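Student: Quick note, the sequence shown lines up with residues 47 to 402 if you use our numbering.
These are calculated hints, taken from the structure and not from any lab test. Just so it is clear, the structure is predicted and the values come from calculations on it, not from any experiment. Beta carbons are placed, not taken as given, at the ideal position from N, Cα and C, and that holds for glycine. Treat the hints with care, since some could be wrong.
Label pairs and their calculated CB-CB ranges [what the hints assert, rightly or not]:
| hint | residue 1 | residue 2 | range |
| --- | --- | --- | --- |
| 1 | 379 | 300 | 16 to 22 Å |
| 2 | 316 | 141 | 47 to 53 Å |
| 3 | 143 | 200 | 53 to 59 Å |
| 4 | 163 | 237 | 33 to 39 Å |
| 5 | 306 | 149 | 26 to 32 Å |
| 6 | 257 | 198 | 36 to 42 Å |
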Amino acid sequence: MMIPTLFGIMVLNFAIVQAAPGGPVERMVAQLTSLTSESATSRISGSGSDLAARPDMSTNINSVYRGARGLDPDIIARITKMYGFDKPPLERFGQMMGSYLRFDFGESFFRNESVISLVLHTLPVTISLGLWTTLLVYVISIPLGIRKAVRDGSPFDIWTSWVIIIGYAIPSFLFAILLIIVFAGGHYLHWFPLKGLTSDNWSDMDWPQRIIDYFWHIALPVAAMTISGFASLTMLTKNCFLDEINKQYVLTARAKGLSEQQVLYGHVFRNAMLIVIAGFPSALLRILFTSALLIEIIFSLNGLGLLGYEAVINRDYPVMFGTLYIFTLVGLIFNLLGDLAYMLIDPRIDFEKREV
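Using the sequences and the accompanying hints, generate a full structural model.
Tutor: Put into structure tokens, the structure is as follows:
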């Protein structure tokens, strides 16, 4: 189902974008209307000799782009051809998918770089945020969830549940703003930098200083992304352990004289952690492509989230659809890895069709 799912997502989003008002042509026309006729003509003429106008487009071009009144229809026809909008939508979609199958995502409309180079340039930032956040979430949630299950109903379980509820209720972007106000020179302390993943003189530092500088910059963004992520995983871990602790095989192990640690970590842990560990790929995917978006914008981190946001604002279609294709493909692969993780952790699970 990975291939039809990928195709269906691309078709749906392509149709939505075609129906949405505005686009790269309208954006360029709006910019040109603020320029003189002479400078506008020279700007488009410098785009290359391959931008020859189509006569059939020039006749009704002003009726298509209402904001183009006062501009030469020949100029607008050249802009339309430059962005490939002189072709029918189905033809453009077919060419786009054919190129994407070869991992050729084209050039950005408004940047002098290819889409793949933009993605590769911003990918390390998003991966850094996602990996450290996922690692920190699991390091906090699993021990805390186990302890809450063992001490279910105790004062420790009650007050930690309140902490989890508060953490789950606070959006990550709101907590990020709070961290900036308190710790990044907003009103109180100036312990951490306000933006960027490294300092400007990072290349001049030795490796120990680079590592310290890197974690100094990433501390607040990772903390903001962790606050809402550990709550659900902690409760999932607790509920899984509570479910296993009350089963018959645990009572049998205790009756044989095994210690509580042997029962908990020798028998309960593997069965209880099946869902938690197997869900690691999907958790990492969720953090990479959802939680990181607003955090990258707030902390001015040049990652995939910020790249996609700017592409939508600027109607940079090659970047929009290129990143969407990459995100979707990676997401489907991560879901496959999650299924394989279930099988590796518990060999009793398989996905073969069964006859009823």
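Student: Please go over all the hints and tell whether each is borne out by the structure.
Tutor: Quick rundown of the hints versus the structure:
no.	hint	result
1	379 x 300: 16 to 22 Å	violated (42 Å)
2	316 x 141: 47 to 53 Å	holds (51 Å)
3	143 x 200: 53 to 59 Å	holds (57 Å)
4	163 x 237: 33 to 39 Å	holds (35 Å)
5	306 x 149: 26 to 32 Å	violated (53 Å)
6	257 x 198: 36 to 42 Å	holds (40 Å)
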